[in-house]
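Q: Keeping the supplied structure of chain A fixed, place chain B upon it in accordance with the hints.
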Amino acid sequence: MLKNLCQKMFGRSLWVYHANSGGCNGCDIEVLNVLTPYYDVERFGIKLVGSPRHADVMLCQGPAMRSTARALRRAYEAMPAPKLVFAIGSCACGGGVWFDTYSVLGPVEKVVPVNYYIPGCPPRPEAIIYGVAVALGLVDKKTAPVQFKQMEFPIPQYHPGDLRREQDMVVYEKLEKV
Amino acid sequence: MSVLSKLEETLICLKAGRVTLPYPAQAQPLPENFRGRPIFDAAKCIGCAGCANNCPAREILVFDPCQEMRILQYLGRRCTYCGRCADVCPEKAITMSLEFENATGQIADLGQKLELFMSTCQRCGRCFKGAGVIEDLKMKGYRADDIQSERWIYRSRAFLEGQPVVDDIPIELD
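For the protein sequence lines, the chains are A and B, in the order given.
Going by the working numbering, the first residue of the first sequence is number 339, and it counts up by one from there.
Going by the working numbering, the first residue of the second sequence is number 6, and it counts up by one from there.
If you're looking for bench data, these hints aren't it; they were derived computationally from the structure.
Some hints could be false.
Restraint-style ranges between C-beta atoms, simulated for each label pair [claimed, not checked]: (1) Leu35/B x Thr439/A: 28 to 38 Å; (2) Val24/B x Thr439/A: 32 to 42 Å; (3) Val24/B x Asp438/A: 16 to 26 Å.
Computed footprint of chain A on chain B, listed as stretches where at least three residues anywhere in the stretch have a Cβ under 8 Å from a Cβ of chain A [claimed, not checked]: (4) 21-31; (5) 76-90.
Glycine residues also receive a C-beta, built at the ideal position from the N, C-alpha and C atoms.
Just chain A, same shape as in the assembly (with noise of 0.2 Å):
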């Protein structure tokens, strides 16, 4: 549903809105330099804007701060309704290498609603781009949860909430099934 409404509303052109919310700068170089004549995205009809309240498309970069939370949410409430969020960078979709510091209080999805996620520290523009062809529906999405399983689970399971304290020692309740 949000792929057709997507290919309705933005089919023309999207204007991008750049925000960046405490990151190191890296992500907005790279943000950039899609838009310069190298990678010229105007070709597809993106524009970068100066104001969310003429975007489309919130690009964010950098992790949700304490410091900048609040001044984003106002920027993604400022946006006209049919709006979509990029996380870019690896800041923007999980907090980044400082996600448990003091100041960082993770993702940006912890503020915004997030539509699509650009990994990489920073994304080389092929990926951004790719990115935004994915959020059109241009290009089918490459990347598909991995899971592997050498063995069933009927093993017992080892918990530390069986554990209880016995006369200064401590005993596992269900020792014999492990």
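A: Only chain B this time, still in chain A's reference frame:
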């Protein structure tokens, strides 16, 4: 003056020619030593969790539900593609691929999860030889990262409330 400068600018622009890369039609060659997303080879992995201990973003989680099994989960969401996991892997089970077109609508698409069978020593019942001093401080016994909420946890034997074990360090990341 102004007209002349404009003409000069035009000449410079004409000299530069066309620089736009034909990306969507034709892929550009990647630079040498390019590192894309890591690919985990479950057939080679021995489950030593060296990658989990070396990951600077702490996003490779290890969970031991029982003695014979180890779950190794790679989240992929805050990976910086630094390649330290591939460097430290003794079996070369992790390769840094050339994939960079990883854009997706669901963040769970980037994850990889390995459930490995750990055969144990018949004599001692453990999988590996005893840990060194630093490993002893960091983790004792089983490793139990929080897979549900995707968090890396230093868990030690101080699991009982208010009963810290001697030589235990009070690291709790939550």
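Q: It remains to establish, for every hint, whether it holds in the given structure.
A: Okay, the hints, checked on the actual structure:
1. Leu35/B x Thr439/A: 28 to 38 Å: At 32 Å between Cβs, range holds.
2. Val24/B x Thr439/A: 32 to 42 Å: About 40 Å separates the Cβ atoms of Val24/B and Thr439/A, which means 32 to 42 Å holds.
3. Val24/B x Asp438/A: 16 to 26 Å: Roughly 42 Å apart at Cβ, these two residues miss the hinted range, so it is violated.
4. 21-31: holds (count 5)
5. 76-90: holds (count 8)
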